[in-house]
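**Q** Fit chains B, C and D to the supplied structure of chain A, relying on the hints for placement.
Protein chains in written order, with numbering that gives the first Met the number 0: chain A, 0 to 364; chain B, 0 to 364; chain C, 0 to 294; chain D, 0 to 294.
In short, the hints are calculated from the structure, not lab data.
Mixed in with the good hints there might be a few duds.
[Unchecked claim] Selected chain C positions facing chain A (in silico; Cβ < 10 Å): (1) 143; (2) 163; (3) 221.
The beta carbon of each residue, even a glycine, is placed where N, CA and C say it ideally should be.
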Amino acid sequence: MKLYEFVAKQLFRKYGIATPEGEVADTPESAAQIAGRLGRAVIKAQVLTGGRGKAGGIAPVTQSNALETAKRILGMSIRGLQVRKLLVEEDKSPEKELYLGITIDRGKRRPVLIASRLGGVDIEEAARKAPGSIIRTHIDPLAGLFDYQVRTVSRRLGTDVGDVAFRLYRLFIERDCTLAEINPLGVVADGSLCALDAKITVDDSALFRQPFMEEESGSPEAIAKKHGMSYVALDGNIGCIVNGAGLAMASMDLIKGFGGEPANFMDVRGGAGAEDVADALSIVTSNPNVRAVLVNIFGGITRCDEIAVGIRDFRRRMDIRLPVVVRLTGTGEAEARRLLLSTGVIAADSSEDGARQVVALAHQP
Amino acid sequence: MKLYEFVAKQLFRKYGIATPEGEVADTPESAAQIAGRLGRAVIKAQVLTGGRGKAGGIAPVTQSNALETAKRILGMSIRGLQVRKLLVEEDKSPEKELYLGITIDRGKRRPVLIASRLGGVDIEEAARKAPGSIIRTHIDPLAGLFDYQVRTVSRRLGTDVGDVAFRLYRLFIERDCTLAEINPLGVVADGSLCALDAKITVDDSALFRQPFMEEESGSPEAIAKKHGMSYVALDGNIGCIVNGAGLAMASMDLIKGFGGEPANFMDVRGGAGAEDVADALSIVTSNPNVRAVLVNIFGGITRCDEIAVGIRDFRRRMDIRLPVVVRLTGTGEAEARRLLLSTGVIAADSSEDGARQVVALAHQP
Amino acid sequence: MAQGRWWLLLISRDTRVIVQGMTGKAGSFQARQMLEFGTNIVAGVSPGRGGEEVHGVPVFDSVEEGVAETGADASVIFVPARSAADALFEADDAGIGLVVCITEGVPVKDTMRVCRYFEGRARLIGPNCPGITVPGECKIGIMPNGIHLPGRVGVVSRSGTLTYELVELLTRNGIGQSTSIGIGGDPVPGMSFLDALSLFEKDEKTDAVLLVGEIGGTSEEDAAGFIHKMSKPVIAYVVGITAPPEKTMGHAGAIISGRSGTAQDKIYALEKGGAMIASGPGDVVEKVKRTLAKN
Amino acid sequence: MAQGRWWLLLISRDTRVIVQGMTGKAGSFQARQMLEFGTNIVAGVSPGRGGEEVHGVPVFDSVEEGVAETGADASVIFVPARSAADALFEADDAGIGLVVCITEGVPVKDTMRVCRYFEGRARLIGPNCPGITVPGECKIGIMPNGIHLPGRVGVVSRSGTLTYELVELLTRNGIGQSTSIGIGGDPVPGMSFLDALSLFEKDEKTDAVLLVGEIGGTSEEDAAGFIHKMSKPVIAYVVGITAPPEKTMGHAGAIISGRSGTAQDKIYALEKGGAMIASGPGDVVEKVKRTLAKN
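Bound-form chain A, shown alone (with noise of 0.2 Å):
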């Protein structure tokens, strides 16, 4: 789970983390305020993306065009996400702007810590154009961030950041996180450090334990996750509903191949029962640009005719005249065919022949 910028600063302060002194508005009015207040500030777009900057979502603000900025900023959507709260800060004018973030490197199975002279710029862009910039130090998990790798990382950056690092090191850790980034990290006038910017990310396996609210929303996103199974929405018009990560993105690769185009991206995860297949056809045809189902099951720890059963119901409530394509296969799979031929749902074979009979159906007129 992305944590917007204030909440992630409101973490950074918790730590002992300096971030400029601020406050959220969500009206232009309240942003103008605050920014009166703070004399010299910035309106800063509240939303979970990069490119905020690029797409004019930051803005520094004097007293008399706050105002008119921050209700710029509130009309303004970025990457498809609606602005609905801005973040006005005082402005820190840093004289330096340095990198320092902690991440996991999925092949060392450590923490990675990760400093660069290059702050305030896309850390990936600075990795591909100047590689001897970035400052990698792999932390062990069970021993922790040691002082000489901290001594080291603040010798090659030229400034001390020893103590925020360690304190980023405790919030990433304690708070269960992927990513902890302060980008940039701003020396300012009098030597001290500031967080410019704060982006983290939080395991969403670990949400259990952590406090963190999840954002409630009525997307077919949110509630696919609800009942414990991973949507996303894509451009095309085949709905796909497959148990499995891997297997879904087989199949989605051979719609395409077929010259379908999918229209999401759907994993029931193991042990899906009849509802739970109800519910995924629910929020996969909730989507008007669906024209044909591929419904792709590989039965073990789920089972076929708990599927067949959920499909069946499905079409017995709900009187959907989309035409849906069936593959399963393994535990329970004569009861499910069995379960399934009166309802006119069509059978596939396999994965490839389910594929080839979607994108069929879907460019019939």
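**A** Quick look at chains B, C and D alone, frame taken from chain A:
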């Protein structure tokens, strides 16, 4: 450094381990007053040694006999230690008494959690009498105490001590303990757990990062410690000043072997200079029983010539008539011999020679 | 606690398996499946349920007791995500040499701690994985029973159902498997593709390897460099070509960030490393067949 | 990070040594002593002092740089107690195979963490120890230079000055040493008596071993059981017979608690294990002499 029971219990409460309600008193009157407020109470002598119970230093009191009991205990001395403070606590009358402690297993190089159903008694005695009653669980010093370990301990104890065990381990680690012991850990009427006694020893080497106050004291032990030396008073009449604990003990063993009795153990540690030796001589000769002194130095980090200067200066300054046998070898040996020529100290060739000579001198009438 | 309890590639009918979380719904169901497969399950572990039996297998309160009583040397974990790490530490402390963690949703911090703890000790497959199967010998995990056929192709994959699908396809086409390993789709896996390839390279019963990758991370890229050092051919199939960047495709932790981790990058790296690239399930069968024919 | 960087018993004139804390008073003094002994000191490390030289030896900011530039494979630590653990972690991370920690007063928690971290990686001697000397070859530590003589007796001891005294006595009596190891007197030592005995047993240059113990802990008792498995004779000398129980004898961590850890217990255990017990320095020489004559 050992902590007083009442200090250890303050720490327990800080870490969320329940203790009986109580207060410290240093006069019989205030002890009686506290006891009066608590109702059924226990008065416990605060001294840094075991065996308080057997010595009569712990007594349950009523309103009527609290003053008298407090007076009696404040007048006691237990194992040579004067009782100066009392802990007055509510009397919990537990239904069960368990043992729970954490110490260091030197051989395994790990902390070890020790638990037993036989609480309230000397754990080493329990270990001898009923070895099966002792549950030992080694703790990985990087990964910490695992849930499954505490679950197993609780199951074998027949009481869920999970919460207390985790808190005790956190205290043990964060406060650099070498021993953190609850004996007895009482199971009281409502089923909750209460630490009825508390024994904590903090690693002396870690005091630089622990906020405990070292007791101020004018004892030779404390003075030596302040000078970075180790001194332990013994019953004999031969003062010993040696660099290195092993060589010091070897010297004492040799003295005993030749029929003498060491008056003390003293390790002046590596790198001692002239002043350190003079200080050591002051401390050792402040013991009125001392009839002769052996200085046994094997130079390495410690320079023999520095030691010689210290001995010479001390003898010049103090005009002490005590015979001093000096054995110096190693770095700066030749210069040291020259320095000591005119000081009247007796030279020895080896540890054995030094021990033989100093025993002979101590035996002179 | 012993050093160097590295597992042989091949589990066998003699491998003595403990099921941690045996009394739970999934644990009990899958234990029955494994027993039916022929796996030598010697003990179950469920704290507080010691003394019971499940499918005739004794249940113990702790792994330590289970090992002491039965001499178990492998373990499979079905406990809930929040206590999975603890179960893994327990298995390692009890001297288990191979631990397969089926549990999904284990926090990545826990997995990193476990992986570090296991260094030089127990071998971990998973978490969030289907486990390991040697057809005709032993299955530790949740792969469906009917899909396997003894043979000489090693299969290693990050996904679950996609693996079943491919293994079944191989079987239907008469191509047997030496060992099938599902390493799991979590961001930080115990066994990696590279680990699995090294094992297959050493395994006398394996002639060729099928590697099934997916978007996210760089586990495929990390393994690619090893392929040209192998004496055995590797056929690779990577899914997620149609996945848009910067989207999370399911719980598998398949996150694309920047340019690295895309299916295209993986395919490029694997091909450069010397693997044959299959374009779909059908092509997998074709390429494996052709490879075996050549050898 | 590599597994299994276990050190051979014998350091040699080819061992490339780094001195951590080289610019400090003790580090600089002892570095000179080691250089005079003939130790191949290739680098010093002092954060922030990189680029300087001490006794003609280049100083680096980090162990990693020192290793990269000089190919060092051993390290000796003179940094203050509060940063000793950090220096040890740094040495191990840099791939150093043998680390000798001279520093006294290292918190025992730090040492436990370091010992756990080093498992299967670097070998640690100390902390609070005099180090290791192979006469005529190499000295890593602070034993005085003049006391050694090449020969065939292995010496292992928990104390510092007592070791020097005994080594010098041996030398004066014409008895040479293969290797002398001071494992240090801290409650939790890196190398134990048992570790040292195992090494001496395997060492072709050692004919007999002198073990010097002292009260406190059970390190002598833990090693005693190994002695009867050894092909080489062991002479043991234990000090602290006159030490009263329940007193701390110096910083060496020699704490007697209860019945275990007394000199009497240790002597009993060592004798039962098959060691010859020496009653004092003179007796040590006598017993070693007699033992060598028999072989």
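**Q** Take the hints in turn and mark each one as holding or not.
**A** Checked hints:
no.: 1; hint: 143; in the structure: holds (5 Å)
no.: 2; hint: 163; in the structure: holds (5 Å)
no.: 3; hint: 221; in the structure: holds (5 Å)
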